Amino acid sequence: MKSDFAVEFHDVVKVFPTPEGSTVTAVDHVSLEIKHGEFFSFLGPSGCGKTTSLRMMAGFEWPTSGEVVIDGKTMGRIPPYLRPVNTVFQSYALFQHMNVFQNIAFGLEMEKVPKPEINRRVGEALEMVKLGSMGRRTPKQLSGGQQQRIALARALVKRPEVLLLDEPLGALDLKLRKEMQLELKALQEQVGITFIYVTHDQEEALTMSNRIAVMSKGRALQIGGAVEIYERPNCRFVADFIGETNFMTGTVKALTKDRVTVLLSALNQEITGIGSGALSVGQAVAVSIRPEKVRLVDEDKKKVKELHGTENLLHGKVVTTAYIGSDTRVVLDLSGGLRMRAWEQNAISTLDPEAYYSAGDAVQIYIPVENTLVLPEDVS
Amino acid sequence: MTTAPASEAPAKKFSLGRSLRENRVAQGLFLISPANIYLFVLIVIPLLMVTVLSFLSRGEYGQVVFKFNPDNYARLFDAIYGKIMIFSLGVGVGTTVLCLLLGYPVAYYLARASARTRSLLLFLILLPFWTNFIIRIYAWMMILRSGGFLDSILMGMHITRGPLDLLYTPTAVMIGMVYEFLPFMVLPLYTSLEKVENSLLEAAADLGAPPWKAFLRVTLPLSVPGMIAGTILTFIPAMGMFVVSNLLGGAKTILIGNVIQNQFLTARDWPFGAAASMVLMLLTMVFTLYYTRKAGFGEELLV
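So the sequence lines, in the order shown, correspond to chains R and X.
266 is the number of the first residue of the first sequence in this note's numbering; add one for each residue after it.
-19 is the number of the first residue of the second sequence in this note's numbering; add one for each residue after it.
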């Protein structure tokens, strides 16, 4: 009978001593639950505690306080070699004195799997990562991408409960990385093992994961699916880290069930959006508006639209534009020295320069209420 | 394409300047010539001299006589020299093995120590080299002699009843040899152990290897280059050692090195001494080659 979750963190804290004699808190009261068969990513900038979290699952580090539970069993101080998890290391950590076959067989030999079964399973693992004929090569004779696959095969051949991946694609070039992302995702669906993936690359996390934990300064700020953390970030950091966004600061003026009205400090104008978390009147907040969710209308062409009551209206002037094919990236100057970026999709194919914005154009800026996110500066 | 115009260059005369400009082989040879000269003057010529010397005869007054004499080698097959040869080999191998066994944990600890501890320990290991080697061996004489430093400690702690009489025994020679050569084992071992990345040990643990298995399957094989280098650095000079056996071994413990030293300095039979040197060299070479072949599975790691 399987437990409900593959991995659980119960209020986990990890404190490291520094050489200067002080301490740093790498992981700060993190609680989360990862389901069986899930592709779960820890996403955050370097030093956010994502790798430390992974290493506590692997058993290379022990929590200062709190519990790491794997498949229903509290790990405590169980050493790495007794845990039902395997790791794909960032540096691959392949054994240079063994060939590819021996590298993959190593873990099975430790389990005292009979020789014929080792041969069969290593063969299968090599096939799985599409390196069937490479068994006799040494790791040095392989390319980075191939080494990465061997590291993957070496961990997966053990059929772990959970596979831990520590920025496994970090050393590969962009094209290979994109290929491997899709391959990893397909592989995970094929083997059905829980994958826990550490990365600082948001696109990578969004592409592959069922759920993502966005981390900063040791804390898991938000845990959710790709759509959720992009469309409904719960604080300024998450909105800023995932994708691009415009921020305007202000204070909460009025609150209804699903609407928040904010007085923007730079414009002295009210804007209505949807709130996240517990907000209160008078609270200082950040308003986040994604550049692709801004709609512009040229004022001079008098195409001024009717407001539907579900949109905010601002005025501005185009400062610069950059045509990048799929869209035109416009930088706007709102009154009060506030800048805003807007990406206008080039949905109609035309060579007419009039169809595109250019510097100096006065524009009306429409922002639907649901595209206007009112966020606390930080989650508490 | 037009054909190349007929070359009007006449047969070129040899010119050093031109070959250096145009000929890559000549460039290469010229560039390594300092090393070649060094090798030729300091190794090839002396070796040739010893080889020639080993086939000459000793004159009545100990001078070298230019008369072909293969007897020098025949004399070495005497049982007494055979015994010394085998004993020397035993001391050489014993020293190497003991240095390896004692040096490995030291090197391992060094490689895993924090940067500060590490530099302090490396400094301590190199510290004895600041003092003359012979003076340090004399110090060992003080330590090992009857009623000396070691005896007084052991007897003071009631571990032994009487003096151990260690000085002038083969044991004393082994102690001196191991003492002398230990750093030559530790340093190359340390270098190769230091290169064993921690992530490899983590990977081994992650794949189910308890620490001792990780050591046997990962650390040990990866330190083979250091073991080979340390063994060669210890074994070869240990085979030719004569100072330690002279001072700590007394008259009873004679190594092939002492035989050679005696022939050159006391017996003044240079040709025989040269022949003994040649045999020692061959013996050492055969042993070292055999060993490196046997341990050759680590060769690809010797970078």
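What the hints contain is simulated information worked out from the structure, not anything from laboratory work.
You may find that some hints are simply not true.
Unchecked claim - From the structure, some residues in chain X lie toward chain R, with a derived Cβ separation under 10 Å:
1) P191
2) V198
3) G230
Model, not experiment: these values are computed from the prediction.
For every residue, glycine included, the Cβ atom is placed at its ideal position computed from N, Cα and C.
Hints and how they fare:
no., hint, in the structure
1, P191, "holds (8 Å)"
2, V198, "holds (6 Å)"
3, G230, "violated (46 Å)"
When each numbered hint is compared with the structure, a violation occurs for hint 3 only.
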